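Protein chains in written order, with the UniProt record's numbering: chain X, 1 to 258; chain W, 1 to 258.
No lab work stands behind these hints: they were computed from the structure. Check before you lean on any hint, since a few could be wrong.
Which copy is meant is left open, because identical chains are indistinguishable; a pair holds if it fits in one copy or across any two.
Claimed, not checked - In the SDA-like style, the derived pairs of lysine to any residue whose C-alpha atoms are separated by at most 20 Å in a straight line are:
| # | residue 1 | residue 2 |
| --- | --- | --- |
| 1 | LYS60 | LYS174 |
| 2 | LYS89 | PHE240 |
| 3 | LYS89 | TRP192 |
| 4 | LYS22 | LYS147 |
| 5 | LYS29 | HIS246 |
| 6 | LYS180 | GLY66 |
| 7 | LYS191 | GLN239 |
| 8 | LYS89 | ASP195 |
| 9 | LYS148 | LYS174 |
| 10 | LYS183 | GLN163 |
| 11 | LYS5 | LYS174 |
| 12 | LYS54 | SER41 |
| 13 | LYS54 | PRO42 |
| 14 | LYS71 | ASP135 |
| 15 | LYS5 | LEU179 |
| 16 | LYS60 | THR17 |
| 17 | LYS191 | THR138 |
| 18 | LYS92 | LEU179 |
| 19 | LYS204 | TYR70 |
| 20 | LYS219 | PHE240 |
| 21 | LYS147 | ARG205 |
| 22 | LYS29 | ASN85 |
| 23 | LYS177 | TRP209 |
| 24 | LYS174 | THR51 |
| 25 | LYS204 | LYS219 |
Keep in mind it's a predicted model, so treat the numbers as computed, not measured.
Number of protein chains: 2
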Amino acid sequence: MADKKYRILVVNDDGVTAPGIKALIEVVKELGEVTVVAPDSPQSGMGHAITIGKPLRLDKIKLYEGVEMYKCSGTPVDCVKLAVNKIFKGQKPDLCVSGINHGLNNSINVIYSGTMSAAVEGAIESIPSVGFSYDDYTWEADFVGCKKYIKEICTQVLANGLQQGVLLNVNFPKNDKPLKGIKICRQANAKWAEDFEERQDPYKRNYYWLTGVFQNNDKGEDSDVWALNNHYVSVVPVQFDMTAHHAISSLNAWNFNI
Amino acid sequence: MADKKYRILVVNDDGVTAPGIKALIEVVKELGEVTVVAPDSPQSGMGHAITIGKPLRLDKIKLYEGVEMYKCSGTPVDCVKLAVNKIFKGQKPDLCVSGINHGLNNSINVIYSGTMSAAVEGAIESIPSVGFSYDDYTWEADFVGCKKYIKEICTQVLANGLQQGVLLNVNFPKNDKPLKGIKICRQANAKWAEDFEERQDPYKRNYYWLTGVFQNNDKGEDSDVWALNNHYVSVVPVQFDMTAHHAISSLNAWNFNI
């Protein structure tokens with residue numbers, strides 16, 4: 001039975017029609033009153049981009065029963081800003097959830113991901129925020145196995161809160177083996193080894209497609225990559241203070257010749 | 001006299017024709033061999049966006065004497081990835097500098113800024129990287145006062161290196177008073193209080209322009225906002241590990257009912 005005291009904002013980066021956001025809506029509808037603001041087109045890889053050089057559209061749509069829904073012409077971060085400012089009008093929601101992303105956002109992907117950047121923006125707005133991603137890129141991805149974890153994690157976040165400036169990045173491994181449970185992790189030290197495939201257009205001009213291989217150089221068993229490889233759901237606390245505090249003292253030892 | 005042993009990558013987000021990147025090129029030409037890869041159009045606010053759904057163009061251009069230059073159809077982060085992969089071909093440059101941005105990128109702006117995201121991407125690629133920004137949004141901005149600081153900071157970075165995973169975010173205050181020197185800082189706890197101006201198009205449909213006011217709630221005298229308000233050049237070490245390490249232990253105390 002739905003307890004309607006909580007107000008929950010749902011966003012994503014795959015667009016308002018993606019199966020992943022449908023699955024997420026189905027879960028959080030059981031926890032409270034849901035408002036969806038999602039991009040009107042796919043916005044994967046948009047990172048923390050915002051739209052400043054052109055105006056935005058925000059249109060109410062009907063897609064799923066009992067859910068207030070809007071599509072937005074902007075980025076995932078724009079969706080959060082517009083939701084807070086124009087829909088919730090300063091009465092901030094109790095929870096902001098983003099996803100479920102079609103594809104992992106573990107490790108360094110947190111910085112490229114529109115899904116996670118929407119959750120980061122939620123946290124910047126002081127809303128308890130969680131991003132969810134699943135290791136299946138396809139439209140046919142089966143999110144059923146994720147649902148009880150999402151409900152439990154959201155329930156805990158609503159009950160316990162999150163520290164100011166902290167949000168959660170939750171990733172689900174492929175569902176080829178049973179899930180072993182939840183691991184609280186740190187972001188693995190991994191990166192993309194990029195390549196660009198060079199092609200020629202019909203006018204003999206070159207163009208490039210980004211491709212790449214994910215390379216994990218981190219042997220630690222406390223990382224999200226390790227957890228996912230070992231069939232755990234990874235939960236990484238994320239912060240948006242990007243200061244490398246540990247580097248301040250050594251920089252203060254530099255002698256600037258000004 | 002130019003010492004040509006260093007190879008330096010220059011990027012920005014205001015586009016290849018911006019006066020800010022011209023000023024930066026003029027400084028780093030004195031330190032080594034310069035390669036410029038910059039967006040062919042303004043990319044402010046693009047954050048860490050990458051282009052994955054469409055191909056990229058990368059074209060060699062001639063703009064400034066003695067400098068290898070390319071314009072790119074992608075984001076600032078795309079520029080760095082293409083430079084490393086297609087121009088330097090894995091022989092990474094000794095330094096990546098981004099900017100000079102027309103406008104500040106202090107505090108939380110680091111996460112929205114294309115200029116800073118390009119420098120972050122340089123650091124992800126293990127290249128010592130620095131982003132420069134100046135508190136003047138105009139095309140006519142006078143970057144002369146920034147130049148000796150940029151040269152000194154780049155010289156120190158080339159001599160001392162930077163810790164793995166750390167880059168620098170350098171901001172210059174308005175030039176209405178003399179600069180007092182350099183302060184090593186942390187990112188201020190500040191945010192944008194957004195507003196969206198609502199308008200109607202000629203077809204009576206609503207649209208929204210993002211506006212906002214920068215709000216600093218941080219009284220600390222070790223922040224970049226304080227330094228800039230007090231006429232110092234602020235230097236913040238930035239990291240791309242977004243893990244909130246301090247939050248891991250409290251999350252491990254949660255009892256997940258799975």
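Against the earlier hints, flag every one the structure doesn't satisfy and list their numbers going up. Result: hints 1, 2, 5, 6, 11, 14, 15, 17, 18, 21, 22, 23, 24, 25 break, sorted rising.
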